[in-house]
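2 protein chains.
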Amino acid sequence: MARVVVSVMPKPEILDPQGKAVHGALPRLGFTGVSDVRQGKRFELEVAEVTDAVLAEVEKMAETLLSNPVIENFTVTVEDQQS
Amino acid sequence: MARVVVSVMPKPEILDPQGKAVHGALPRLGFTGVSDVRQGKRFELEVAEVTDAVLAEVEKMAETLLSNPVIENFTVTVEDQQS
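Residue numbers (our numbering), protein chains in the order written: chain A, 51 to 133; chain B, 51 to 133.
Keep in mind that the hints were calculated from the coordinates and are not lab data.
Listed below are the simulated PhoX-like cross-link pairs for lysine-lysine, each with C-alpha atoms no more than 25 Å apart in a straight line:
#1 A:Lys91 x B:Lys110
#2 B:Lys70 x B:Lys91
#3 A:Lys110 x A:Lys91
#4 A:Lys70 x B:Lys110
#5 A:Lys91 x A:Lys70
#6 A:Lys110 x B:Lys70
#7 B:Lys61 x A:Lys91
#8 A:Lys91 x B:Lys70
#9 A:Lys91 x B:Lys91
#10 B:Lys91 x A:Lys61
#11 B:Lys61 x B:Lys110
#12 A:Lys91 x A:Lys61
#13 A:Lys70 x B:Lys91
#14 A:Lys110 x B:Lys91
#15 A:Lys61 x A:Lys110
Chain A extracted, bound-state conformation (with noise of 0.2 Å):
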């Protein structure tokens, strides 16, 4: 088994109101030192085994499924590889 991980983020353009209300919260619970936070999803998709075959249609399932493109961005990630 594997762990393929899809990585969802809002693009840089688009407005993030999520990321906007975390950055907002921090400086009330006395955190300062972060500039800037978005917010977006992470999928943890379990294989068999990943070979280019799988890691394509990982990418289809991402584009068509997992993310909307006119406004995210994403990108996959092989995490790990049990045996």
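Position chain B relative to chain A; hints supplied.
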């Protein structure tokens, strides 16, 4: 500037309806070979520089604001260090 990433995922023993919904949608879209999906959150925090003190503070933010430690685990990673 550097980017610190906080990944928040539901604990393994916690039901994850969002992940289940994604997992259920995959076969309908013609995707096979994914045995499980879990969905969590990803926060990208911009900080001036990455020091042990900053990382400790981010760890505390993750614990108190970004995650619910009863049902979620989080990990803190340093993504990239731009000068």
